[in-house]
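Chains as they are written, first to last, in this note's numbering: chain A, 1 to 362; chain B, 1 to 362.
I should point out that these hints are in silico values taken from the structure, not numbers from a laboratory.
As the structure is a prediction and not an experimental result, all values here were calculated from the model.
Warning: the hint list may mix true and false statements.
The calculated lysine to any residue pairs, modelled on SDA-like cross-linking and capped at a C-alpha distance of 20 Å, are [stated by the list, open to error]:
#1 B:96 with A:170
#2 A:96 with A:165
#3 B:96 with A:349
#4 A:116 with B:295
#5 B:56 with B:279
#6 B:96 with A:346
#7 B:335 with A:117
#8 A:194 with A:358
#9 A:116 with B:299
#10 B:194 with B:244
#11 A:165 with B:171
#12 A:116 with B:344
#13 A:96 with B:170
Footprint (simulated), chain B over chain A, 3 or more residues, beta carbon under 8 Å [unchecked claim]:
#14 166-175
#15 281-293
#16 345-359
Ideal placement from N, C-alpha and C gives every residue a C-beta, glycine not left out.
There are 2 protein chains.
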Amino acid sequence: MQEKTIRESDKQRESMERALKTLGNLIYDQITNREFPWIMMQSRSMDNIIYDSEIKQYVLGDKMVRRHSRNIAHIRPFTQFIWTAWFARELLRLRKTSTLREVYYSARGQRDIEFKNQTESDNIITDLETALNRPREDFNVYPEERSAIFGDLTIEYTVPGYEGKRMNLTEHPDGVMIGPALTSSEFIETSADKVLVIEKGAMFTRLVEERAHERFNALLIHTAGQSPRSTRTIIQRLCRDKKMPVYIFTDGDPWGIHIAMVIISGSINAAHLRGLATPEAKWIGVWATDIINYDLPTENLTDFDLKRLKELKEDPRYREELWQREINTFMKIGKKAELEAFSRYGLTYIVDEYLPAKLELA
Amino acid sequence: MQEKTIRESDKQRESMERALKTLGNLIYDQITNREFPWIMMQSRSMDNIIYDSEIKQYVLGDKMVRRHSRNIAHIRPFTQFIWTAWFARELLRLRKTSTLREVYYSARGQRDIEFKNQTESDNIITDLETALNRPREDFNVYPEERSAIFGDLTIEYTVPGYEGKRMNLTEHPDGVMIGPALTSSEFIETSADKVLVIEKGAMFTRLVEERAHERFNALLIHTAGQSPRSTRTIIQRLCRDKKMPVYIFTDGDPWGIHIAMVIISGSINAAHLRGLATPEAKWIGVWATDIINYDLPTENLTDFDLKRLKELKEDPRYREELWQREINTFMKIGKKAELEAFSRYGLTYIVDEYLPAKLELA
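Based on the sequences and whatever the hints tell you, model everything.
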């Protein structure tokens, strides 16, 4: 088992290095053929971002763009792209991780590579993702945000100094941080049969304290608001590889809804990437209808909330009945409720009553 | 060793429960003496918040306030206070933790306890802190923000289900989350001889990857911006109990400076509490003079940054020469720099060159 899984993660790194090498060879061949080198990738302009109702995600269409070093206007992004690909290769070779910001500042140490600002460098990293069809985490560029996971899952690290070392994710009762080491680890063994995803740290702590992982036989994941992409990858892996159903549990407001939707259907910003979405995942609350049925303490929806609800109503990801019903109900009652609102019935009500009821329905 | 430390944490919980019980007995005695019950505490109004240059912290002065149930205007906060004290006792008795928000919603489940909004309930919790002279973490009300720690420190948990269980904080290379379980744990053993506090997750990950904990023989703490109070308590404990010097390392801008200062001198909001500040801690960078000496990539200071610098310049916590010099330099050069700016010299420069130089000077 151990050998197999180590091979798996090595395989992934090798395949990423191979993709970068292929890219480099293409450029090299163009030059030896006395061509001005160029690269080609799918366009990410709005008119090429298409909602695929089959897989229920935004994807890129067939429009391609070519960056050509013969074109003066392209030389700058072309050079930046090549440097970024080199830097990604270096990260993999040295087995180091980095962040979007560090990549930007690293470029500033180069004599001939110039980025006006981080937005420009982030954009080139997205180009590289698009050209390779792989998320930046695969070439070791990680987000800074930290989310957490807890429950009976044994992982095996693949980061330098920890190779082959295992940890069970119940070991630290504050939850185990989802950083580069956890994201790149192998999932060895779990007795859990589902994943509960929670938007908020406070509720995550509540569930750990109430032993929800045992009572529901679940892994608990805390997204800390909108899920970082590495956390979405982990959710997707648990669903795909371990066949675990995923239930998402957010504040009952347009922002909570959309946290759930991005886990389920992905984001427009990541239309160029696959493997981040978990279409099988289910949003189980807090629904607008829960606010009514459970008589929850509420706040009024603000104008800003209402504007957001209207946007969601028109978004193709929200076409299905459940979403339309809940969006309409939010608009009708003009109220929202937070996860913590269940505390009005006692701190443990959410675990004793609400969650079992919602999981039964799901 | 184990028995001693378990006794220590039990002692703390017992002393907190005793304090709450004493408070209850006072009220009870007043009632049996046919008095209208009342409570007394230090005033937290601005004119009673005084800078103590001896301990270099804001503290409360001698002005007291009395909440008297004979006074119609006081009945509401008095009742809220008593309920909150009862709730704190329940948390301790049941060995559950909670958050400011959950306390607010828990109150909303009570027929006769009313809080207009969370601000009102937060304020009553601060009253309880003031009356008891103990931070809310001592009665199990924790912040939601999560920071992290890494390095050779063996802790022993005291939370239910984990009592007596130990963990070494190098076990998870993404860093170990600082939540209620870590905050309430005993610090058993460490080979480290200093604490490095870092403002940002990205730099924390960098230091872990570069094995800074081994190279500098240090514990690494990541504050995730302005330190949560539990993280400040941990820094203070390591300094006081383990006699470890503390070095703080932030972005080179007014916000970074103030993250360091709040660790060193505490905040105005917590003037009613002791035990959160670590006056021995040292801010070692990124200084304005570092920006010059290391020729770092910079951004211009915004008007908002400049306004903040002017406020800091007048703040009594910033009287000493180092702070004045750096604030003046920031203003003079009109620039700021982030921790990641050192990446211009390569990803490991900060660990290979900058940190050793700054620690030598400190």
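Which earlier hints turn out false for this structure, listed by number in ascending order? 15
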